[in-house]
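Combine the two chains into a complex, taking the hints into account.
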Amino acid sequence: MSREQLIVQTARKAFQTGRSKPLEYRLHQLKSLLRFLTERRGDIADAVKRDLGKSERGTELFETIGLEGEIKLAIENLAEWAAPRPVEKSLLTITDEVYVQPEPLGLVLIIGAWNYPWAVTLQPLVGAIAAGNAAVIKPSEVSSHSAKVMEEFLPQYLDKDLYPVVTGGVPESQELLKQRFDHIFYTGSSTVGKVVMEAAARHLTPVTLELGGKSPCYIDKDCDITVACRRITWGKFVNCGQTCIAPDYILCEPSIQSRVVEEINRCIKEFYTDNPKTFEDYGRIINQRHFKRVMALMEGSTVAVGGDSDESQCYIAPTVLKDVTGESKVMTEEIFGPLLPIITVSGVNEAIQFINEREKPLVVYVFSHDNKLIKRVIAETSSGALLANDCLVHFTVSALPFGGVGNSGMGCYHGRHSFDQLSHLRSCLIKQLKMEGVNSMRYPPHTAKKLGWARFFLLKQVNVCRLRRVALLTMLAGLVAFVMQRFL
Amino acid sequence: MSSPPSPSPDRWFKLRRTRLGEPCLKTYTLECGDLLRRARVAFQTGRTLKEVFRLTQLEAVVRFLDEHECDFVEALARDLHKPRFETVLSELTVVKNEARHAINNLKKWMKPLHMERNLSTTMDECLVVSEPLGVVFIIGTWCSPIQMCLVPLVGAIAAGNCAIIGPSECTAHTAELLHRLIPFYLDNECFHVILSSVNDLPKVVELKFDHVFFSGNREDGSRIAQAAARTLTPVTLILSGKNPCYVDQQCEIATTAQRIAWARFHNAGQSLVAPDYVLCHADVKAQLVEALKYYLMQFYGCDPRKSCSYGRMVNLDLFNRTRDMLWRSGKVVVGGQVIEAEKYIAPTILTEVTETDAIMQKEICGPVLPVLTVISRLMSETSSGSFCANDSILQSLMVALPFGGVGASGMGSYHGRYSFDTFSHRKSCLLRSTRFECVTYLRYPPYEDRNLSLMTWASTVSQKSQGWCQIL
Chain A
1 MSREQLIVQT ARKAFQTGRS KPLEYRLHQL KSLLRFLTER RGDIADAVKR DLGKSERGTE
61 LFETIGLEGE IKLAIENLAE WAAPRPVEKS LLTITDEVYV QPEPLGLVLI IGAWNYPWAV
121 TLQPLVGAIA AGNAAVIKPS EVSSHSAKVM EEFLPQYLDK DLYPVVTGGV PESQELLKQR
181 FDHIFYTGSS TVGKVVMEAA ARHLTPVTLE LGGKSPCYID KDCDITVACR RITWGKFVNC
241 GQTCIAPDYI LCEPSIQSRV VEEINRCIKE FYTDNPKTFE DYGRIINQRH FKRVMALMEG
301 STVAVGGDSD ESQCYIAPTV LKDVTGESKV MTEEIFGPLL PIITVSGVNE AIQFINEREK
361 PLVVYVFSHD NKLIKRVIAE TSSGALLAND CLVHFTVSAL PFGGVGNSGM GCYHGRHSFD
421 QLSHLRSCLI KQLKMEGVNS MRYPPHTAKK LGWARFFLLK QVNVCRLRRV ALLTMLAGLV
481 AFVMQRFL
Chain B
1 MSSPPSPSPD RWFKLRRTRL GEPCLKTYTL ECGDLLRRAR VAFQTGRTLK EVFRLTQLEA
61 VVRFLDEHEC DFVEALARDL HKPRFETVLS ELTVVKNEAR HAINNLKKWM KPLHMERNLS
121 TTMDECLVVS EPLGVVFIIG TWCSPIQMCL VPLVGAIAAG NCAIIGPSEC TAHTAELLHR
181 LIPFYLDNEC FHVILSSVND LPKVVELKFD HVFFSGNRED GSRIAQAAAR TLTPVTLILS
241 GKNPCYVDQQ CEIATTAQRI AWARFHNAGQ SLVAPDYVLC HADVKAQLVE ALKYYLMQFY
301 GCDPRKSCSY GRMVNLDLFN RTRDMLWRSG KVVVGGQVIE AEKYIAPTIL TEVTETDAIM
361 QKEICGPVLP VLTVISRLMS ETSSGSFCAN DSILQSLMVA LPFGGVGASG MGSYHGRYSF
421 DTFSHRKSCL LRSTRFECVT YLRYPPYEDR NLSLMTWAST VSQKSQGWCQ IL
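Sequence order for the protein chains is A and B.
Per the UniProt record's numbering, the very first residue in the first sequence carries number 1; after that it's consecutive.
Per the UniProt record's numbering, the very first residue in the second sequence carries number 1; after that it's consecutive.
Same shape as in the complex, but just chain B (with noise of 0.2 Å):
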């Protein structure tokens, strides 16, 4: 297949500057029915259901951020100041890793199931086949913004649909490569990257899209899903919420403190899987609290604002937000420093800390880590997306486990096959014949007491597996 063709020209005079010259983008909710409008006929013409066509654009993702991968990584310590490794590891081989994983099983996932078949379908051939949906509106958040938009996008392009992408608008530099870039190697009227606030959102909504794909926080989910009610447009929604993190008395120390402590502040804290706060046995608090400040000098020295692999927060909302829940909660026994010039918050550990704080009312997303003693806890009657024994994150790096949440934490799943069942409509295919009619016709009125005992009893056999009656 030839190259994607290059990018239309009138892109480039939607351009305009803010007054301190950064490249400032929107595109209005009128642009966006247009974008909509040119994705649905692409998707008409049918090209995306081809094999070949799918692992073209899939490879071209590959491509894209292998060879853009310095202007990932500057635009990324732009925005969040996120050092190179983070960058490459959390953001750039994440998605590599899904769109080869999808390139190497998309010829077994496009395959129809064949259903298990039984003494009464035998002659039947009942299948499940995957279609694509058709225009699936996928919105990403910020705090992996190359992760959150490009993982879903590779599901969306291996289930067969057409995209169009809202990267978050506070990682501005972000969008705006994702923007200027993706037309140079993905079909330009199937893929489309538009920039939107955050409230324009539940209107480019309700223009009725396929599927959306939203993460982020609560307040936002639940304004798109009901946008999406009103055009019956099923969702995804991956959200942030408090996640726990349980310390037993039993347990090695040592590592439990070196992997929470970088699971919560890599990323400066931001993050939707990071642990929101740990529950800790009292007899073991003051050893995990020792543990977690040794573990932080030896990744962040002395002073993290100097070193390169600590990140800032995104944007002065966030930092305000974050350092007020700081200052009303708790005792600050390790970090607490903050300066707002450079959105910069310290790593910190807070104790003391009750359940009726600032600090536990919502989610953290920033570099603060409340612990909170228990006395006991039973923590098998609990219910959340995923769960991770002795480790943090890890569970979300894998292509084989759904990533998702349920309740309040969101709706939906994705990740591997996942992504590409969530992106699919599993259409049920049951191919009958015209033949064996002088069976059938035991079906039809007028009813026969005989005849409903004939059928009562061919489905009672039947019933070992997962089928009643041919005779219907």
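Extracted from the complex, chain A is given alone in its bound form (with noise of 0.2 Å):
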């Protein structure tokens, strides 16, 4: 028996106990979890350092203020979230319980990313705990110093069997897929998305894909450009472009363009000072493979600001790309770096219909201070979600779902929808054995008096709220008019 199949049938005999399921418990780990996030600060800061070269306070602003924040609300709305829902009862069912209540799915796989290490492979560890499973935790090998912090650390705060955390490549993953899990959590490319969805479908494994896309980011040439750059220039830039919501392309009209230029170019400035490759608070890529991709996608397009690199610290300067159309190289995929292409289009219809010409993606920005102008975007195109003038920030939002659409993803979570997303919401229906004169129209002999019954209850569609309240309002008005009779 390999390894993987040893860890997994542990944590499957282990969530068999039931020991996952109280309240208590769940409660206890997830307190557990944001024990361990404040305890191990440092090590957690230092593993990203050298992973992405993110300074302690960025991987605090990014990665663990919002893992203690899910943690924190998850642990307040616990008891409401797995409490029993009641549903609209009908005539039929006036007389008994009706109401779905959620369950634990068993054994949960989250395989994370490199981009956020922790963010994006805790956030549904939380939601896994809360919902009552288990889970086998998979980091990406490639945020490979967070990998090892997390195997270390992780067991010695969580339940060992229930949450085990397995490292390793390619050939670990791929040995982990053969097993059985019973929902699959992955971020990451939509390449490697489809080999985890089809591997599941063998065992008919429900899953949550949170994968990219090219993110587009419009400009009407009516905002305050000033504002709109300095958002857009935070979001894109942050953790060096490798960010799946972060903005991908901008689409503006030819007469903002230069001013949009330089607005980006004053912001790089402010945030980054003039030598970003020396200043703390500006990351590097990942790694080599992905430094050589951004540096190719610049091909055929024009360096506007930035352009610079330094193989050797994997370091990209904050780069603004013009004459940039729809077939340049940096519009055949997602850019996941430090590149701003500008394409100019002549208005918001064109715009729109560039961006429904491609894939939907995780998120559309748009920047504008007319509202119709944004609900006609929502309305006309399609995508995980829409920030109108801002970057980012709606995945901060627990009560937004967040996840993608088409190639961007199936699935969402954050709040509450992370606990529904690995929660088995099971329908119940409780009746009695008694009024079975009721039921008799059911029963063969089949006739035809029968039929008509039956299509009475079935097919009236009885408001059984509006029946108790005439019920009660032909109370009062017998109650009166009594008064009435009597007294006067």
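Source of the hints: derived by calculation from the structure; they are not laboratory data.
In this text the structure is predicted, and so the values were computed from the model without any measurement.
Hints should not be assumed to be uniformly reliable.
Stated by the list, open to error - Covered by chain A, per the in silico footprint, the following chain B stretches (three or more residues, Cβ under 8 Å):
hint	stretch
1	246-259
2	406-412
As the list claims (entries may be wrong) - Straight line, CA to CA, 27 Å or less: simulated DSSO-like cross-link-like pairs of lysine-lysine:
hint	chain 1	residue 1	chain 2	residue 2
3	A	K434	B	K293
4	A	K322	A	K277
5	B	K242	A	K178
6	B	K108	A	K89
As the list claims (entries may be wrong) - Non-contacting residues of chain A with respect to chain B, defined by C-beta distances greater than 10 Å in every case (computed):
hint	residue
7	S2
8	D161
9	R266
10	R289
11	M410
Virtual Cβ for every residue (Gly too), placed ideally from N, Cα, C.
The structure is reproduced here in structure tokens:
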């Protein structure tokens, strides 16, 4: 038996003991996870610095604050999320208990990504624990330092058998994917997403795929261009452009293009100083392979800002490209790097058409004062999410489901959505063995009369609340009539 | 809105005849590709996005079922020997119910959902907008052919999608009826009916739809899911499995037996939700079997073959499969008669069945009910698609309850609002303004320790509700 098979078997046996189901246990594990983040803050920051060149403050801002928020939200709301959810009754079920009961799925596989190695690997774990599942955590081998820290320290805080961490590369992942899980949660590229989904399909395992895409950013000419460019610059160059929801490219009218370039240039200097290479708060490309990939994308476009690089450090300066068209090299794949192409369009109509000709992205960004324009983009394009007048921040609103559509993924999470995604919402109908007379119309031998009654009961759209109100009103009317007759 | 245009004439030229003179249609994969392209073009015109269009199509579905009730009853009688009562109730009425529920609630479902706002997002609009996925592929199963094709179709239409429907080839008359009549009721470009054999379905799925809804058995479900994975197509699978039915020693045996008998033997046992086997306490087993025998007599008389309330197996393959399982398992205490020429299997109850018998290895999908005894069993530690106490099947008729499987019985759910949600993408929209930049500046580099403390403090304050940091 392979190591992965053994780990999976142990986790499943641990789940079958039933200990992950009581709410107290889930809360205890969530609180331990929170302690892990606070006590191991230094180790986590150190690992991310070595993986991505991110500063300690950057790590806290972009990885751990969000995680802490999710855990606290789950702890506070768990009782409500896990409670049975009553549903609308009908005439036929008026005396019965009808509800949806959230239940754990069983054993979940969480495959993390390297760009935010802690946030995207542990946030689904919060949902898995909250929903009462066991989970096998497979951090990305590309962010190897973070994976090592996770493997070493997480078992000291969480149940070792229920939540094992499995590190390794492609062979280990493939071995894991041969095993049977009750849900697979994958964050990464569309290419690998297909492989994961196909492996899951063999066992009829449902999946949540958080994939990527090219997220367009449309800047309306009548908007506050200074503020818009600031927010776009921030959103683009955080983590050196290696964010799945980073604005991938800009669409704007030719008349504002030079102003946009100028503003972005100014913001880059403001955020990262004149020499981003030596500046602590500017990151690096994860590895040589991605460095070469991103550099190759610049081919054929004009560099308007930045453009310098240093292969020994995997450093690429914050770069803006112009004279870009739909066919340019930089438009053939998701950039995932600090290159910001600007494509000119004649207006919002052409922008919408441009966006719709391509695969559905994770997010569409619109910068405009005009509410009607924003609503139009919402209605006429499709994407995982839409964010108007800012970048990235919808990720932090736990009430909003976060996920893709089409090529950018399927399923969603964050907050309560993580809980629901990793639960089975089981329909429950509890009837009594009494009142069998009512049921007689359904039993054979079938007669026309029985059919008539059955039609009445099933087809009649009865609003039970209205029935109650009508009954109450009738009673009240009767009482009033009685009083009037008696005393007046 | 004017009535839908009449069907294009070239549909009629694809009719071929079997050697028995029965109609036999087959839509080849190439043709399916063509229909998919037409549906995509129709979707891109944007007409399915309008509420009026969706309402018209839903009303047309109701009219379709009302106006052709007799045709449906006849087609199902020929395919499954289904009694009129069952066709009207469990097929037509259920679909009409779903359609009317969708019509009554469509406006509400289409409205963007405003998410709870809190201190951090008071100045923004947080919405979840339900948008259609595009073109969906609905593959029906044969045991309730109309319900399994048209209930998901109602959800797909309500959510604003175009759809291609593939009813099962096993119920050929019903499939032909849908293929012939749907063009008279629904938009000819947006909705198409194809006839594909189950082996060709993975090829059709690979043409790339935006969602695939499949009902049927596990093996086919797995093949469809794998084909869908190759094009990153989300799926909903409603699969058959072994639905256990536990009878406690403390219950009213007569009513229990009546409800179980009804659930198991309607449609000659061919149902995804019927109880597959009974686990009953040893003390009550004899009583239960006697009661079941009594009610079977009540329902179908001494000779169920002559009863018009009793069905037949859909085809010889299934007949043979069920008969083999029956002959190789346990002991027959009621029924057991089989007539191959009529594909008739009498309502049968088996006892002395062990867990290793043939009949306990796969789902039954026929009128055979094994009764196993258990000494005691804790049923609270189980998982299933749905759960029904003291009755059967009814939970699948409720529009308010999600209907679907878990694990090997499937993924995803539908009925009522859940159908609408299955075929929608719920898009998160966060609409901010470009004012208050004086507050937003705290998040920009260079990162300062004091800014970080401020933000940590602010995000802790707003933890009470569901968002964090407007300052970000």
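Taking only the CA atoms, is the gap from K434(A) to K293(B) under or equal to 27 Å?
holds, 21 Å
Any Cβ of chain B at or closer than 10 Å to R289(A), or is the non-interface label fine?
The claim holds: R289(A) sits with its nearest Cβ about 24 Å from chain B, beyond 10 Å.
Interface exclusion of M410(A) relative to chain B, criterion Cβ beyond 10 Å:
violated, 4 Å
Going by Cβ atoms, does D161(A) stay more than 10 Å from chain B at every point?
holds, 19 Å
Verify this label for me: R266(A) is non-interface relative to chain B, using a Cβ-Cβ cutoff of 10 Å.
holds, 12 Å
Regarding the pair K242(B) and K178(A), is the alpha-carbon distance no greater than 27 Å?
holds, 25 Å
Taking only the CA atoms, is the gap from K108(B) to K89(A) under or equal to 27 Å?
Judged against 27 Å, a Cα distance of about 18 Å means the pair holds.
Given the hinted pair K322(A) and K277(A), is their Cα-Cα distance within 27 Å?
holds, 23 Å
Counting residues of the stretch 406-412 of chain B whose CB is closer than 8 Å to a CB in chain A, do you get three or more?
holds (count 6)
Tell me if chain A covers the stretch 246-259 of chain B under the three-residue, 8 Å CB rule, please?
holds (count 6)
Test the statement that S2(A) is away from the interface with chain B: the closest C-beta pair must be farther apart than 10 Å.
It holds; S2(A) is separated from chain B by about 23 Å at its closest Cβ, greater than 10 Å.
Of the hints listed earlier, the one the structure fails to meet is number 11.
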